[in-house]
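Engineer: Residue numbers (the UniProt record's numbering), protein chains in the order written: chain F, 1 to 600; chain H, 1 to 600.
There's no promise every hint is true.
To be verified - BS3-like cross-link-like pairs, simulated, lysine-lysine; straight-line CA separation at most 30 angstroms: (1) F:Lys225 with H:Lys149; (2) H:Lys407 with F:Lys493; (3) F:Lys283 with F:Lys336; (4) H:Lys511 with H:Lys483; (5) H:Lys483 with F:Lys511; (6) H:Lys283 with F:Lys336; (7) H:Lys336 with F:Lys511; (8) H:Lys80 with F:Lys257; (9) H:Lys147 with H:Lys225; (10) H:Lys336 with F:Lys283; (11) F:Lys493 with F:Lys407; (12) H:Lys336 with H:Lys257; (13) H:Lys257 with F:Lys257; (14) F:Lys47 with F:Lys483; (15) F:Lys336 with H:Lys80.
Claimed, not checked - Sample of chain H residues with no beta-carbon within 12 angstroms of chain F, all distances over it, derived: (16) Glu144; (17) Ala376; (18) Gln507; (19) Leu547; (20) Glu569.
Treat the hints as calculated values from the structure; they're not laboratory data. Quick reminder that beta carbons are idealized off the backbone N, C-alpha and C, glycines included.
Protein chains: 2
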Amino acid sequence: MPQFTPPVRDTRFVLDRVIGLDRYTNLPHFQAATPDVVDAVLEEGGKFVAEVLFPINHSGDQQGCTRHPDGSVTTPDGFKEAYAQFVESGWCTLSAPPEFGGQGMPHIVATAFQEYMISANMAFAMYSGLAHGAISALLVKGSEAQKAKYVPKMVSGEWGGTMNLTEPQCGTDLGLIKTKAEPNADGSYSITGTKIFISSGEHDLTSNIIHLVLAKTPGAPDSTKGISLFVVPKFLVNDDGSLGERNAVTCGSIEHKMGIHGNSTCVMNYDGAKGWLVGEEMKGLAAMFIMMNAARLGVGLQGLGIAEVAMQNAVQYAGDRRQGRALTGPQEPNEKADTLFVHPDVRRMLMEAKAQIEGLRALCLWGALQVDMEHAAPTEEERQLAGDLIGLLTPVIKGVGTDIGYKVATDCQQVYGGHGYIAEWGMEQYVRDARIAMIYEGTNGVQAMDLVGRKLALNGGRAVQAFFRVVGEEIAAAKGNEKLAGFAEALEKALGHLQGATMWLAQNGFKNPNEVGAGAYPYMQLTGLVALGLMWLRMVKAASEALAQGAEDVAFLEAKLVTARFYAERFLPDASGLRRKIEAGSESVMALDPEMFRAA
Amino acid sequence: MPQFTPPVRDTRFVLDRVIGLDRYTNLPHFQAATPDVVDAVLEEGGKFVAEVLFPINHSGDQQGCTRHPDGSVTTPDGFKEAYAQFVESGWCTLSAPPEFGGQGMPHIVATAFQEYMISANMAFAMYSGLAHGAISALLVKGSEAQKAKYVPKMVSGEWGGTMNLTEPQCGTDLGLIKTKAEPNADGSYSITGTKIFISSGEHDLTSNIIHLVLAKTPGAPDSTKGISLFVVPKFLVNDDGSLGERNAVTCGSIEHKMGIHGNSTCVMNYDGAKGWLVGEEMKGLAAMFIMMNAARLGVGLQGLGIAEVAMQNAVQYAGDRRQGRALTGPQEPNEKADTLFVHPDVRRMLMEAKAQIEGLRALCLWGALQVDMEHAAPTEEERQLAGDLIGLLTPVIKGVGTDIGYKVATDCQQVYGGHGYIAEWGMEQYVRDARIAMIYEGTNGVQAMDLVGRKLALNGGRAVQAFFRVVGEEIAAAKGNEKLAGFAEALEKALGHLQGATMWLAQNGFKNPNEVGAGAYPYMQLTGLVALGLMWLRMVKAASEALAQGAEDVAFLEAKLVTARFYAERFLPDASGLRRKIEAGSESVMALDPEMFRAA
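Using the sequences and the hints, build the whole thing.
Structural biologist: Right under this line is the structure:
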């Protein structure tokens, strides 16, 4: 059976030494995040997820959720009790605003906790994760009355929340939505239609579930411009906050999925369910994007969380399992065989995991900091820069982060050999769970298109120029420092390829937008390579400074330097190939008649 | 529900135009493989697997195998009937020697059929696939009496066969085997021990199962040098061929696996089971390698077979599913949306699938031809060259082929978006089934080590030099042909990187074998890149010649040229990065103390 220990030491390294939380006490909500409080969140929060959520992860996968004939859904054994503890102990409310009962912690601190929760039990984490997305949308677009009515109990965890976008005929292309919203005399709407793939759509964890639903009002255009957002509670909520009648929204079935079996992914049937418009009519897509951008960062974090727990187990197994001898001669001659750790190719997989996980952790936490800054930094210039950077890198964190999650989970399963394929060892669940993160909240291909088709060009390319400036300046500064120069030069080459590819896309995309589309995926990968490279440059700098200052955790800090070197040697060389793929353009990608894909 | 059509057109292209089966009629067993016969195998064999085996693939996955309290195992509904048809219609005996009841067809023809069978139902194909491995070992190492007793009924499919290597404490490192073989007075042995992960270990398809088992005789050294191979029938076989008493070998449990649920993967308990030595005592490993090398080629073919069926379905879905509009403007304005085919990033995934699948098909069939040549070519020089090439490339076909299978299955699942994650669409099964092929018959990391640690150096590097000579000569010839020169030049660069990396390994591996180990995986990938590149060069040549000769299937042949160009633009650029990773050496790979992989 697998194990999990929250990687507090590494989180602290990023928060304390790389980012330096104490530099941000000028942001109002960072004042609550004193070192003691952050310690408590990481230590106690980590302990909670490891002791309460992790033990029901594998059993939850094996058992799955059950839909009963009356449409009710029960979660796997132990989920209900664990959820009650989760709510009671306050882990649900970390970053929500105090005026709605939240603890008002910085997003970066909540993100650190959220990573641990995903590692411990991704399917479980989705129940509250989806509610957080719904809360965000209500906070930004909801009326004061709606906020007062729904948000406090969603923040507390008493009620759940969902996002209802997908229908059988439409996923990415929300213009094809068929769900109807007919206005009632009392100002409410009657919602009718079928939504699919609704995570946490129905379950037994909360007394109510607040659905946010995309639908079309009568006469609305048959495109994304005709979509409105509605709030549709499972139980209507009386003015005194008590629960009223059951709304006409039911779970029609639970999807049989490859993974995340502990989360109930539902077909939701709306049969004239009562709903209320959130924000303006036909502005639903913009509201949905608020949820979606937050959700995309959360999904990128799923890549990290799964990769981390998979690696921890592969490391344990590599130390326990004895098989063969080191190429350089027996390392433990008194044993019948050496451990897997002696084998360079096992090391390669673990080092690749480590280099990507630690880079991605720094990127996710830095990304969360940009979300904090975007909203609360003291100057407009800082807020704009943060917003530009996180807007640009949200699809990268989601797309590259989840690709890493799947690849690392697969490689860590590989370390187990045949045992990795057997359910009881738990590794194959990580692969199956990690797989969904590449698909939902916009497939990774959609992320790539968001990056090259939308984010690059926004405001005349302001965001990507800002990103290049940040990376370029840090490289330039690092080249003057002998401890950093080697890494900085490797990163500079990769940055050069990214800048070259960006120029190529800008020059060729106008003539033929397919050039942009054909290069989108390798461009996203190349951006991710540079973004993780920037994080590694910062980690090298932080570790070198700490070592120079006589920090105690010498072995840990020196391992950072080795891992950075590995990243430079084993990942950054991909940059030139990625650039060449982008600059190859779209001709051979688009040339074939669809019929020619049929070899038969 | 998924679909499958045997890719006969593409197989024929490779057999007829790229390889040219008619050039090999000087090999005795190729004389039976007349064009009519090959046509019949592809058409009728393809029809059989599509109509009989494919319909029970998804249901077999969902139902799995069942072990009963008495230790018997039933396969999923329909498997028993389909197996009976499989045996009756003669598809079981294609390449087995006529003296044992086989049809004596060339291995290349049987391989073409085997690919279709895997696409249709990989779990089912494993039942006869494992038996073929056991047959090979008996034919080479068994006594005449053993061959006469066991092989004919294994060839006919009346009896099954298995390979029993793995034990709980050992997989790759067979020196750790604990299973004991105690000699009996009658010349037989009593086999006692536990074997795990035994594919097709117990089932209801055949009246007997012939287990080949690795075990140690008393006093044998505690290493791979002490291993002997035994034949242990489930039912003892009387001298008249009838079945005798039940042997003391039982299925202790069925493993709960990530995929290939239709195949019974068993824990096998040997409790003093009666067995007979195959070949010489303590030479069991060599005998096992006969099975293993054949099996590794078969596993590489699993990568191809799964990739092919996954792609066929993704292509179908991409043509059916309408979502969004082409970047260049609506392609079908009368529809609400264009098909997925208009989106460059969907095309990218399908082109990557196509380029790898068609390259891999050519490589697998060419590899099978080398097996034929190795045994039957008229001159010693030809036999040696064929043996060298297939020896070198067996780990590449297995390792790179199965990596491709998993990657392509994953990408084709990705084309489906959320539907790809849902069991009923069938795509997630392909990913789960494809996954095992990277693990069994030696993990892909073990393949990489076999390539760099063993195959490169064998006979003073004769095989790799032969491979470089073949690739180099074909490039040189192609550069003089304007139709081929572009591709040849791209391949020449990749070959240069492979040669450079080979030189680097040769120069550095003596000093420190970890340099070889750390570079093994990227070296295997680079070799695969060049090997598939060679196949694409040949396909470009074959297609160009056919077009020049006025062949009728113009669109198909022109699609080959486009796909080759895509391969040159989108895969070959990886070569320089792979070389840089190899030449980075082992220092950063091996530097960390295992403790430093624990971030917690």
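Engineer: Each hint: holds or not?
Structural biologist: To see whether the hints hold, each was checked on the structure:
Proximity of F:Lys225 to H:Lys149 is assessed by CA-CA distance (about 75 angstroms); at most 30 angstroms being required, the pair is judged violated. Distance restraint check for H:Lys407 and F:Lys493: the Cα-Cα separation of roughly 28 angstroms lies within the 30 angstroms cut-off, and the hinted pair is therefore satisfied. The hinted pair formed by F:Lys283 and F:Lys336 fails the criterion: a straight-line CA distance of about 68 angstroms is larger than 30 angstroms. A hinted pair counts as satisfied when its Cα atoms are at most 30 angstroms apart, and H:Lys511 with H:Lys483 does not qualify at roughly 45 angstroms.
This hinted pair checks out: H:Lys483 and F:Lys511 have alpha carbons roughly 28 angstroms apart, not beyond 30 angstroms. About 21 angstroms separates the Cα atoms of H:Lys283 and F:Lys336, which keeps this hinted pair within 30 angstroms; it holds. Distance check on the hinted pair: H:Lys336 and F:Lys511 sit about 26 angstroms apart at the alpha-carbon level, within 30 angstroms; holds. Of the supplied pair hints, the one linking H:Lys80 and F:Lys257 holds, its CA atoms being roughly 28 angstroms apart against a limit of 30 angstroms.
The suggested pairing of H:Lys147 with H:Lys225 holds, with an alpha-carbon distance near 25 angstroms, which does not exceed 30 angstroms. A hinted pair counts as satisfied when its Cα atoms are at most 30 angstroms apart, and H:Lys336 with F:Lys283 qualifies at roughly 21 angstroms. For the suggested pair F:Lys493 and F:Lys407, the alpha carbons sit about 25 angstroms apart, so the restraint of at most 30 angstroms is met. With a CA separation close to 42 angstroms, the supplied pair H:Lys336 and H:Lys257 exceeds the 30 angstroms bound.
Only pairs whose Cα atoms come within 30 angstroms are accepted, and H:Lys257 paired with F:Lys257 is accepted, the gap being roughly 16 angstroms. Between F:Lys47 and F:Lys483 the CA atoms are separated by roughly 36 angstroms; this puts the pair beyond 30 angstroms, and the hint is violated. Simply put, F:Lys336 and H:Lys80 have alpha-carbon atoms about 43 angstroms apart, too far for the 30 angstroms limit, and the pair is violated. Look at H:Glu144: its CB is around 35 angstroms from the nearest CB on chain F, clear of 12 angstroms, so calling it non-interface holds up.
Listed as a non-interface residue, H:Ala376 keeps its Cβ farther than 12 angstroms from every Cβ of chain F; the least gap is roughly 29 angstroms. Here H:Gln507 stays apart from chain F, with its beta-carbon at least about 16 angstroms from theirs, past the 12 angstroms limit. No beta-carbon of chain F comes within 12 angstroms of the beta-carbon of H:Leu547; the shortest separation is about 14 angstroms. The non-interface label for H:Glu569 is inconsistent with chain F: the shortest C-beta to C-beta separation is roughly 4 angstroms, within 12 angstroms.
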